[in-house]
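J.: First residue of the sequence shown: 1, per the numbering used here; consecutive thereafter.
No wet-lab data here; the hints were simulated from the structure.
Please note that a few of the clues may not be correct.
For each label pair, taking beta carbons as the anchor points, the in silico distance ranges come out as [as the list claims (entries may be wrong)]: (1) D50 / R27: 16 to 22 Å; (2) T29 / V53: 16 to 22 Å; (3) Y48 / R13: 19 to 25 Å; (4) D43 / L19: 28 to 34 Å; (5) S28 / R6: 17 to 23 Å; (6) D50 / D20: 31 to 37 Å; (7) R30 / V53: 36 to 42 Å; (8) A21 / L52: 24 to 30 Å.
These numbers come from a predicted model, not from an experiment.
Where a beta carbon is used, it is the ideal one built from N, C-alpha and C, also for glycine.
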Amino acid sequence: MDMNPRLTSVVFRLNREKLDALKELSRSTRIRQSEYLREAISDLLTKYEDRLVD
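Please model the complete structure; the sequences and the hints are all you need to start from.
T.: In structure tokens:
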């Protein structure tokens, strides 16, 4: 996996209920929504790393 620290902007859709929950989590913990999303994507890629093609 590329360890380049440069970040790229991504746009996607999320249902309102999940977005509201993410916003509340972010507010209550003072951790940015983007940090949670990066963590979730990293966890997902780790889970399915055997399916990734080099």
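J.: The structure should be examined with respect to each hint, and the outcome stated for every one.
T.: Status of each hint after checking the structure:
1. D50 / R27: 16 to 22 Å: 36 Å, violated
2. T29 / V53: 16 to 22 Å: 35 Å, violated
3. Y48 / R13: 19 to 25 Å: Taking Cβ atoms as reference, Y48 and R13 lie about 21 Å apart, which means the hint holds.
4. D43 / L19: 28 to 34 Å: Given range 28 to 34 Å: violated, Cβ gap about 19 Å.
5. S28 / R6: 17 to 23 Å: The hinted range 17 to 23 Å is violated for S28 and R6, with Cβ atoms some 30 Å apart.
6. D50 / D20: 31 to 37 Å: 34 Å, holds
7. R30 / V53: 36 to 42 Å: 38 Å, holds
8. A21 / L52: 24 to 30 Å: 28 Å, holds
Hint check: violations occur at hints 1, 2, 4 and 5; the rest are consistent with the structure.
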